[in-house]
Amino acid sequence: MAARQLDKYYEIRLALLLRRLRESWALFAESRIGLLGVAIIVFFALLAIAHPILMATVWEHEVYHPVIGFDASLVGHPTPPSARHLLGTDPLGRDILSMLMHSTHSEFLLGILAAVVTVVAATTVGAVSAYFGGWLDSVLMRLADLVIMMPALSLYIVLAALFDLNFTTLAIAIGLVSGLGATSVIIKAQAITISVKPYVEAARGAGGSHFHIIVTHMIPNLMPLAFLFMMFTVTAAIFSEAVLSFFGVLNIRMSWGIMINTAQSSGYLGFGLEYWWLLMPAGLSITLLCASFYLVGRGLDPVVNPRLRSR
Amino acid sequence: MTKYLTSRLFQSAGVMFVFLTLVFVLVQSQPGDYANVFLDNPRLTLEERAELRASFGLDRPAYVQYALYVKNFFKGDLGRSFIHQRPVVHVIMERLPRTAMLFLTATVVSFYLGFVLGKIIAWRRGSLVEYASTISGVFLFTIFLPWLGLMALWLFGLELGWLPLGKFLTPRLWSDAPFAANHVFHRLLWTAFIGGGFLIAATFFLNARRLPGRGFILLGLAAMLALAGWGWWLSSGLAGYAADILKHMVLPVAVLTAVSFAGTMLLTRSSMLEVLREDFVVAARAKGLSEKAIRDRHVARNALLPVVTALMFSLAGAIDGGVITESIFSWPGLGLTLLESAVVGDMPLAVGAFVFTGVFSLVAHIAADVLYVSLDPRIRYS
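As they're listed, the protein sequences go chains A and B. The first sequence: position 217 = 217 (my numbering), numbered continuously. The second sequence: position 312 = 623 (my numbering), numbered continuously.
For the record, the hints were derived by calculation from the structure and aren't laboratory data. Glycine residues also receive a C-beta, built at the ideal position from the N, C-alpha and C atoms. Take the hints with a grain of salt, since some may be wrong.
A few chain A residues facing chain B, derived, Cβ under 10 Å [said to hold, decoys possible]: (1) Ala-39; (2) Pro-151; (3) Leu-155; (4) Gly-208; (5) Asn-251.
Work the whole structure out from these sequences, hints included.
Here it is, written out as structure tokens:
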């Protein structure tokens with residue numbers, strides 16, 4: 001009997017969630033820039049999925065491997081785009097398209113990990129400091145002041161020199177920096193308005209513990225706003241990774257930034273557009289993927305922020 | 312206002328203390344320590360190793376090291392650079408003016424440009440101009456900065472040959488100059504500072520008096536200042552050198568401006584649209600004020616506040632943009648120093664440059680705060 005009731009409870013929750021998602025999507029779809037962003041993301045996601053499939057079927061491992069591949073059948077690398085290499089080869093004889101697609105995969109993982117860390121950090125800090133207030137609040141907010149003030153890229157460079165940064169550690173660092181800074185301040189402002197809502201009072205009156213109130217009443221209501229900032233974090237993470245790889249301070253084997261770094265350090269920049277396939281694909285990919293997540297964030301704005309809705 | 316600013320200064324001092332502590336914790340938690348660079352040598356005996364570590368003070372307990380670190384920071388001692396073989400502070404002081412110059416010029420130009428353009432596209436909403444500038448704004452806002460820098464370098468430096476290819480001066484011109492480059496740099500900074508400060512003060516003074524024709528007075532004043540500055544530079548015999556530096560500055564400033572004005576522009580636009588709905592705009596229209604007066608004095612003035620707030624949030628980002636720009640254009644400022652020393656493992660210099668970048672950012676924040684307080688009467692009188 002009890003199990004059946006539980007079943008129903010989750011069915012209701014699920015139905016409510018689905019309805020809310022459908023309404024949100026309708027609101028989101030009204031903004032064209034958000035849809036444009038989704039389209040770009042889907043395009044890159046397809047690239048990322050296609051890479052292992054292509055590697056397993058059409059592309060030979062020795063020639064098309066993104067890091068150690070080399071095409072010995074062609075001389076004079078970098079070679080311009082051809083039927084064999086759709087985007088040409090780089091100075092080390094590797095296939096640009098394969099490098100590009102392989103990197104897409106890791107950029108997504110980096111962005112998602114950083115975004116998840118941001119959301120966990122920002123909602124925790126925001127909810128805790130709004131709910132408890134007092135000295136805990138002022139300590140966390142001064143910390144946020146510090147993080148807002150700190151030039152993040154300079155911090156990552158120093159971190160990369162002190163420690164060994166790879167994709168995972170960099171994602172955690174980026175997530176913490178963006179989650180403890182401006183995001184947590186904005187989330188806290190929202191959390192303050194929630195913490196005075198009647199249902200929080202009611203939960204407290206019914207004897208709910210602090211942990212229970214924060215986890216079941218505050219955090220779910222902060223999630224939409226946090227989701228919005230996830231998008232901006234992904235943009236920041238992809239951008240930071242690309243810049244740091246371009247500087248060559250990360251311990252990463254292949255990424256878009258490293259592709260540009262290779263082109264620059266082997267001296268092909270001076271030829272400008274003559275060797276466009278060395279610079280353009282990677283540079284445009286970074287710009288487009290960063291822009292797409294930013295656009296999705298802008299499209300989500302009216303969903304999260306009712307004040308901005310047109311109706 | 313002074314009360315608010317004093318409390319803000321105290322807060323900043325606290326933030327700075329936390330910052331110093333955080334840097335110390337980071338340096339302490341690195342695998343190994345500063346002396347590692349020298350310990351690779353297999354010929355060192357155990358005693359020599361211990362001595363070497365002791366000479367860095369690394370044999371003492373962490374809290375003593377922390378106290379020494381804070382004390383030394385306030386004495387202006389950040390250790391010795393391994394590659395430059397001189398105090399870190401000297402290296403930083405040599406390069407700070409160059410970064411300050413680049414950063415200040417780019418911030419002022421991009422803020423002004425972004426605000427003016429945002430004002431215009433907000434007034435022409437729905438037009439082709441608005442769509443074009445919004446789309447190019449988003450594109451510039453998210454563009455990969457190193458890539459844009461490299462492209463600009465290739466186009467203007469190499470293909471067209473209009474501007475120099477990086478560095479901040481022409482070595483051939485300067486090889487027999489009887490003074491250091493910073494001699495000219497400091498004077499350039501002071502010129503900008505005095506001229507800008509004087510103009511801002513004059514604007515505030517004239518606006519407070521509501522004198523008629525103050526636009527013309529300001530214009531005349533600016534022309535006189537420019538003439539005086541021009542005359543001083545020509546008579547000092549440094550003008551050729553200063554022009555060389557300015558020529559090297561054009562490309563970095565342009566690239567930095569291109570990426571950062573877009574954010575201000577988009578924000579000004581949406582902020583203007585918010586203010587347009589207010590009642591006082593209708594009242595101003597009903598009074599029969601000209602469109603230009605409504606736009607500039609009623610809407611833009613009130614739309615300025617959120618834009619300045621956002622400017623404060625983006626200062627750290629602008630400093631980061633400076634690091635990227637400096638490395639692309641080999642501009643030997645603080646950012647390039649940070650990057651180079653981090654790459655070669657000169658940790659005292661890297662950490663020192665980072666600490667100074669943080670302090671620089673803090674000072675910029677305080678300056679932006681003062682600007683905000685002077686713009687928003689609600690803070691001034693509360």
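Do the hints match the structure? See the list:
1. At about 15 Å, the closest approach between the beta carbon of Ala-39(A) and any beta carbon in chain B exceeds 10 Å, and the interface hint on this residue is violated.
2. The beta carbon of Pro-151(A) comes within 4 Å of a beta carbon in chain B, closer than 10 Å, and the hint placing it at the interface holds.
3. Against a cut-off of 10 Å between C-beta atoms, the interface hint on Leu-155(A) holds, since the closest Cβ of chain B lies about 7 Å away.
4. With 10 Å as the threshold, the beta carbon of Gly-208(A) stays out of range of chain B, its nearest partner Cβ sitting at about 34 Å, so the hint is violated.
5. The restraint placing Asn-251(A) at the interface with chain B is violated, with a minimum CB-CB distance near 13 Å, outside the 10 Å limit.
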